[in-house]
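Engineer: Given the structure of chain U, go ahead and fit chain F onto it with the hints provided.
Going line by line, the protein sequences match chains U and F.
Mapping to my numbering: the first sequence position 158 is 138, numbers consecutive.
Mapping to my numbering: the second sequence position 275 is 255, numbers consecutive.
In short, the hints are calculated from the structure, not lab data.
There could be a bad hint or two in this list.
[Unchecked claim] Derived coverage of chain F by chain U (criterion: at least 3 residues anywhere in the stretch with Cβ under 8 angstroms from a Cβ of chain U; other residues may be distant): (1) 93 to 100; (2) 127 to 133; (3) 193 to 202.
[Unchecked claim] Capping the alpha-carbon separation at 20 angstroms, the derived lysine-lysine pairs in PhoX-like fashion look like this: (4) U:272 - U:362; (5) F:-9 - U:-9; (6) U:272 - U:99; (7) F:307 - U:-9; (8) F:349 - F:307; (9) U:307 - U:339.
Glycine is no exception: its CB is placed at the ideal position from the N, C-alpha and C atoms.
Protein chains: 2
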Amino acid sequence: MNNFTLYNPTKILFGKGRIKDVAGEIPKGAKVLITYGGGSIKRNGVLDEVNAALQGYDLMEFGGIEPNPTYETLMKCVDVVRRNNIDFLLAVGGGSVIDGTKFIAAAALYEGDAWDIVKTYGVKMKRALPFGTVLTLPASGSEMNSGAVITNRALNAKLPFMHPALFPEFSVLDPEKTYSLPAGQIANGVVDTFVHVVEQYLTYPVNGKLQDRFAEGLLLTLIEDGPRALAEPENYDVRANLMWCATLGLNGLISAGVPQDWATHMVGHELTLLCELDHGKTLAIVLPAMLKIRAQDKKEKLLQYAQRVWSITTGDDNARIDASIEKTREFFESIQVPTRLCSYNLGADIIPTIVEQLKAHGMVKLGEKKDVTPELVEVILKECL
Amino acid sequence: MNNFTLYNPTKILFGKGRIKDVAGEIPKGAKVLITYGGGSIKRNGVLDEVNAALQGYDLMEFGGIEPNPTYETLMKCVDVVRRNNIDFLLAVGGGSVIDGTKFIAAAALYEGDAWDIVKTYGVKMKRALPFGTVLTLPASGSEMNSGAVITNRALNAKLPFMHPALFPEFSVLDPEKTYSLPAGQIANGVVDTFVHVVEQYLTYPVNGKLQDRFAEGLLLTLIEDGPRALAEPENYDVRANLMWCATLGLNGLISAGVPQDWATHMVGHELTLLCELDHGKTLAIVLPAMLKIRAQDKKEKLLQYAQRVWSITTGDDNARIDASIEKTREFFESIQVPTRLCSYNLGADIIPTIVEQLKAHGMVKLGEKKDVTPELVEVILKECL
Chain U
-19 MNNFTLYNPT KILFGKGRIK DVAGEIPKGA KVLITYGGGS IKRNGVLDEV NAALQGYDLM
41 EFGGIEPNPT YETLMKCVDV VRRNNIDFLL AVGGGSVIDG TKFIAAAALY EGDAWDIVKT
101 YGVKMKRALP FGTVLTLPAS GSEMNSGAVI TNRALNAKLP FMHPALFPEF SVLDPEKTYS
161 LPAGQIANGV VDTFVHVVEQ YLTYPVNGKL QDRFAEGLLL TLIEDGPRAL AEPENYDVRA
221 NLMWCATLGL NGLISAGVPQ DWATHMVGHE LTLLCELDHG KTLAIVLPAM LKIRAQDKKE
281 KLLQYAQRVW SITTGDDNAR IDASIEKTRE FFESIQVPTR LCSYNLGADI IPTIVEQLKA
341 HGMVKLGEKK DVTPELVEVI LKECL
Chain F
-19 MNNFTLYNPT KILFGKGRIK DVAGEIPKGA KVLITYGGGS IKRNGVLDEV NAALQGYDLM
41 EFGGIEPNPT YETLMKCVDV VRRNNIDFLL AVGGGSVIDG TKFIAAAALY EGDAWDIVKT
101 YGVKMKRALP FGTVLTLPAS GSEMNSGAVI TNRALNAKLP FMHPALFPEF SVLDPEKTYS
161 LPAGQIANGV VDTFVHVVEQ YLTYPVNGKL QDRFAEGLLL TLIEDGPRAL AEPENYDVRA
221 NLMWCATLGL NGLISAGVPQ DWATHMVGHE LTLLCELDHG KTLAIVLPAM LKIRAQDKKE
281 KLLQYAQRVW SITTGDDNAR IDASIEKTRE FFESIQVPTR LCSYNLGADI IPTIVEQLKA
341 HGMVKLGEKK DVTPELVEVI LKECL
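Chain U with its partners taken away, still in its complex shape (with noise of 0.2 angstroms):
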């Protein structure tokens, strides 16, 4: 096992009816900026939740934080929060608000160009403003680690940074406030989750067996309540079970004092940039073709990973292997996520682009030994096709 270090200082109030907690855990006398993004919480009733739980708080709402949140509109943000003295942010809504409000909460303390945190992977900043988040879309595990992915338009890139600083105080997880979500959503989280804890396991042995028993354990749950969970929308336990995987499949936990991989999320993140494909979907496509192409420095996990997550016992190593391959892509497929650029109208044209976006934002040593080069992607993604 590697040596790490491990500090998560997030609380979670998980559970039913807990958005009312939320006051005792913001300071008495906070003014109060309430992040969002599009609106749901509005149509749904969490807005409307949150403000009664904070009665008596100053507060403010800042709204229209995107999908892939733009370093454009977060400087806005930013601006509110200086011009009116905010002392602490929540952040209501998914893994897109919450990094976004990351973003914010250092960029309203930084002086110099806001950018430099991201471009310097959180090293050039100090401290941020404290925040909590209630979640309303289990995917991303932005609530309970310190990291984040910012878009910025005009420099085309779309790039993590991470701080201690950057850990929230806390995070309300409601399983009910994800029965309203569109299935599309629920799929994509899945497969997000999915991926994130497959980064941090199939990678070379280290003898962490608690690292790869938890990791199997995410794996087992997310394969059996994924779909159940869009069959049936309003099964507590499902929803719960899935948020719960969610969180611990990026908290620092699993990836604790064992290698990590991330190749597959850093070119999903290109792909999503320029053909803007949904997060979750650019990984279903990558992620297979990725195991594929790299079977061979991945062998002892994936024979680990046949056996113990999709219980394949029988056929030679390449074979188990492969199965092992294929049954991750029909999982992805029943939860109705392609996991072929074919099937979002895309082709080979589009790999030159983003080998090239690659190179361009100092991505061309990726994965668990730093052997992916952007040639190497080229050959993925054409398995990817």
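Structural biologist: Leaving out everything else, chain F in the frame of chain U:
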């Protein structure tokens, strides 16, 4: 799944050579009291390493915290803390030293009779001195939770308490520091961790799929690596997995959203108090009997345990449950922790006293359904003979 709140701000510094990193975690200029037990940390060089890491700090030491730390000893340390204006405590040792240090941290700032802290299960305390830990014995999980168990000799009581102010600021977990432990202590630690997990897992189902999978992952790892830790004392990965099991087995993660039992622990504490048996040994005695007598109440989870942990798939329900309990007993015996009172030269004559002690300590409604009465404990103890 049940509602839950999960909060755990302890920073884990895991791996080889991490003691040197404690300096970065303690405020500069703090007056630090190092607390420890019987002195093994002097013989094995751990204290020297800690002192070297803390060069430049104003340091004091307090040794002699015994296994099952007593109020009487700990109050002497509280006096030292108060007279010397100590700012920060650093517990170097196993669960007893860490539990004791938690009491010292709370009592040093408590106005009034410090035993009230324990007697009220932490309700009456409001704050504690900050403290960190350097763990040398994986077992209690105290290094990443906010609970402790303290013995009061004068009152003949061994009782737990907890408070959010009692999370360590940091804990150093260096698996190499466990190489020199006697085999008996490693074995007790494996049993302690195993039973911690079982107390949070073998109750009744609430569809907490991840909690179950994680608990099963912990148990499977203990079953694989517990015996190997005895056979290969300097196998780093084995010791690392064991250490991480102990911490994750009782840090709030697997209990979040599911019922908890703890009857085995409460009965075990009375056995330690009366017979001076090691904590781990009391658990090895009580657990198999506890599961057997309460098998019908725990039927669904025991069947799941039989299948997923012990791969028992043949026989009717009762046969599979019996086999799983027998496997549990055999596992403890296989690492040289006997599971019968008679192995410790104890007989039926102690049973009435144990039952009376439970009543005296208010332990009259134990277990996940609060239906484990002193009368039922009597039946269970007869099964332990």
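Engineer: Look at each hint and say if it fits the structure.
Structural biologist: Evaluated hints:
1. 93 to 100: violated (count 0)
2. 127 to 133: violated (count 0)
3. 193 to 202: Coverage by chain U holds here, the residue count being 7 at a Cβ distance below 8 angstroms.
4. U:272 - U:362: Holds - the C-alpha atoms of residue 362 (chain U) and residue 272 (chain U) are around 12 angstroms apart, at most 20 angstroms.
5. F:-9 - U:-9: Since the Cα atoms of residue -9 (chain F) and residue -9 (chain U) sit roughly 14 angstroms apart, the hinted pair holds (cutoff 20 angstroms).
6. U:272 - U:99: Given that 20 angstroms is the threshold and the Cα spacing comes to 32 angstroms, the pair is violated.
7. F:307 - U:-9: violated (38 angstroms)
8. F:349 - F:307: Violated. Residue 349 (chain F) to residue 307 (chain F) sits at ~25 angstroms, over the 20 angstroms cutoff.
9. U:307 - U:339: Distance ~32 angstroms between residue 307 (chain U) and residue 339 (chain U) Cα, so the pair is violated.
In summary, the numbered hints that this structure violates are 1, 2, 6, 7, 8 and 9.
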